[in-house]
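Here are the chains, one letter per residue:
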Amino acid sequence: MTAQSVKWWSLVHKWTSLVCTLFLLMLCITGLPLIFHDEIDELFKSEASARELPADTPQAPLSRLVDAAKARYPQRYLQVLGWDDDRANVVNVFLSATPEAPPGQRFLKLSFDSRTAELIGEDTQQGGLMSAIRIFHRDMFLGLPGELFLGVMGLLFVIAIVSGIMLYAPFMRRLNFGTVRRIGASRVKWLDLHNLIGGVTLIWLLAVGVTGVINTISLPLFSAWRAEVMPELIAPHLGKPPLAKWADVDDVMAAARRALDGNTPASIIFPTVARFGTPRHFIVWTKGTTPITSRLFTPAMLDAETGQLVTARGLPWYLRALQVSRPLHFGDYGSLPLKIIWALFDLAAIVVLASGVYLWLGKRKSPRVPTRAQDGPPVVATSGIRP
Amino acid sequence: MKRERHTMDEIFRWPLLLGGLILVGLASALFGDDGWDALSWAALAIPLAVLGWKASRQPHLPGS
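First to last, the protein sequences are chains A and B. Under our numbering, think of the first position of the first sequence as 6, with each following residue one higher. Under our numbering, think of the first position of the second sequence as 69, with each following residue one higher.
If you are wondering where the hints come from, they were derived from the structure by calculation, not from laboratory data. Treat the hints loosely; a few may be bogus.
Footprint (simulated), chain B over chain A, 3 or more residues, beta carbon under 8 Å [claimed, not checked]:
no. : segment
1   : 167-177
2   : 329-342
Pairwise CB distance ranges, derived in the manner of DEER restraints [what the hints assert, rightly or not]:
no. : chain 1 : residue 1 : chain 2 : residue 2 : range
3   : B       : Ala-106   : A       : Ile-239   : 47 to 57 Å
4   : A       : Thr-103   : B       : Gly-120   : 49 to 59 Å
5   : A       : Leu-134   : B       : Ala-95    : 25 to 35 Å
6   : A       : Val-234   : B       : Ser-124   : 34 to 44 Å
7   : B       : Ala-117   : A       : Trp-365   : 25 to 35 Å
8   : B       : Ile-114   : A       : His-42    : 20 to 30 Å
9   : A       : Tyr-363   : B       : Gly-120   : 19 to 29 Å
10  : B       : Ala-117   : A       : Leu-37    : 15 to 25 Å
11  : B       : Ala-95    : A       : Arg-77    : 39 to 49 Å
As the structure is a prediction and not an experimental result, all values here were calculated from the model. For every residue, glycine included, the Cβ atom is placed at its ideal position computed from N, Cα and C.
Let the sequences and hints guide you as you build the complete structure.
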C-alpha cells in the first residue's frame with residue numbers, strides 16, 4: 006500500500022469512527038442486557054404455564070379461546086392470536102383499545118391453555134426497564150427516524166471496520182501477531198490492544214453490524230412488500246361495506262394448514278384496519294420446522310368472509326434475508342453458551358470503541374513523533390506512533 | 069531493534085484463521101441444534117481464548 010493510500014484510509018477510519026462511536030458505544034452497552042432478555046424476563050416476570058395434562062389431550066377449538074377473549078373484553082378489538090414460543094400448549098390472544106392500533110400502542114395479552122381454553126394469564130404489557138432498553142437500542146425513542154439514523158451509524162461503523170482492516174497491515178509490519186507493547190507510553194499499549202482485539206473480533210463485528218443495519222430498514226422493507234401485494238388482494242373488495250361477520254377461525258386455520266402443509270402455525274392476524282393486516286383477510290403466519298426454516302415465515306392469506314385460501318406465496322428475497330439476519334444480530338440461536346459468547350464479543354467491541362476514542366484524544370494532546378520516511382507509510386500521522 | 073518486515077501473508081495469517089473460525093461458529097448454530105450448537109461454541113470460544121491469552125501476556129521486550 007502506498008503512503009498516499011494509507012493516509013487516505015486513516016482519514017476514513019478516523020472520521021467514520023468519530024461520528025459513529027458514541028452511538029455504537031450506546032448500542033453495545035444497551036445490547037448487553039438485551040442478549041439475555043429471555044433470562045432476565047423470566048427472572049422478574051413469571052408467566053403461568055399450562056397445567057399438566059395427559060400428553061394426548063386434544064387441543065380446544067380456537068373459536069372457544071377467541072370467544073372467551075371477546076366476551077371478557079367486548080369493547081376491545083381482536084388483532085392477533087399467537088402460539089407461545091416458550092410455553093407449550095399456550096396460545097396468546099392480543100386485543101387493542103382502538104381499531105387502527107397505531108405502532109407503539111400496547112396490546113392487552115390474554116394467555117389461554119390451548120387444550121382447556123382456560124384463561125391462565127392477563128398482561129397489559131406495560132413494558133418496564135427491559136422494554137425501555139429495547140426501544141432505546143432500536144430507535145432511541147425517536148421511532149422510524151431514530152431507527153434509520155442508527156442504521157446510518159451502523160453503516161459508518163462497517164466502513165470504519167473495513168478501513169481498520171486496511172490499516173492493520175502497515176501497523177503490523179514489524180510486529181508479531183498479538184504483540185502488546187507494555188513498556189513506554191500507555192498509548193502504545195492501547196494501540197496494540199485496539200489492533201489485537203479489533204483484528205480478532207473483526208468477523209463478529211461485521212456480522213452483527215451488517216445485520217443490525219439490515220434490521221433498521223425492516224419497517225420500510227415490510228412497507229415495500231405490503232405495497233407490492235396489497236392492491237391486488239384488496240381490489241375485489243373495494244367499495245363493499247364492512248364485514249358483518251367473519252369466517253370461523255378454525256375453518257380458516259384448517260384451510261391454511263392444507264395450503265402450507267408441513268409448516269407450523271405461528272400466529273393469526275385477524276381482519277383489521279391496522280397496518281399489519283387487511284380488513285378483508287385473515288393472515289396466518291407459518292414457519293418451517295427445521296432449524297433454518299423455523300426462522301423463515303410464510304404467510305397464508307384467507308378471505309375473511311368465506312375462509313377460503315386466497316394466496317400462500319413465500320416472502321420476497323429481501324424479507325427472507327431480513328428474517329435470517331435477525332438471529333445473527335441477537336445471538337439467540339445457540340442456547341445460553343452462545344449468548345455468553347455474544348456478551349464477551351460485545352465487551353471486546355466496547356474495548357475497541359473506547360480505546361479508539363482514547364487513541365484519538367491522546368493524539369490530539371501529544372505532539373507528533375517525527376518519522377523516518379523509509380520506515381514505512383505515514384501511519385504515524387494518525388497515531389503518533391511508529392509501527 | 070531492527071526487525072524484519074512481515075509479508076502480507078504473515079500479517080494476516082492469524083486474523084484470517086480466527087476470522088474463519090468465527091465464520092464457522094456463526095453459521096453452524098444456524099444449521100442445527102445440539103452438535104451444531106456445540107461446534108459453534110467451540111469455534112467462537114477459540115478466538116476469544118486467543119484474545120484473552122494475548123491480551124493478558126506479561127510484559128516482554130520488543131523483538132522477543
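Hints, one by one, checked against the model:
| no. | hint | in the structure |
| --- | --- | --- |
| 1 | 167-177 | holds (count 3) |
| 2 | 329-342 | holds (count 7) |
| 3 | Ala-106(B) / Ile-239(A): 47 to 57 Å | holds (49 Å) |
| 4 | Thr-103(A) / Gly-120(B): 49 to 59 Å | holds (53 Å) |
| 5 | Leu-134(A) / Ala-95(B): 25 to 35 Å | holds (33 Å) |
| 6 | Val-234(A) / Ser-124(B): 34 to 44 Å | violated (55 Å) |
| 7 | Ala-117(B) / Trp-365(A): 25 to 35 Å | holds (30 Å) |
| 8 | Ile-114(B) / His-42(A): 20 to 30 Å | holds (27 Å) |
| 9 | Tyr-363(A) / Gly-120(B): 19 to 29 Å | holds (21 Å) |
| 10 | Ala-117(B) / Leu-37(A): 15 to 25 Å | holds (21 Å) |
| 11 | Ala-95(B) / Arg-77(A): 39 to 49 Å | holds (46 Å) |
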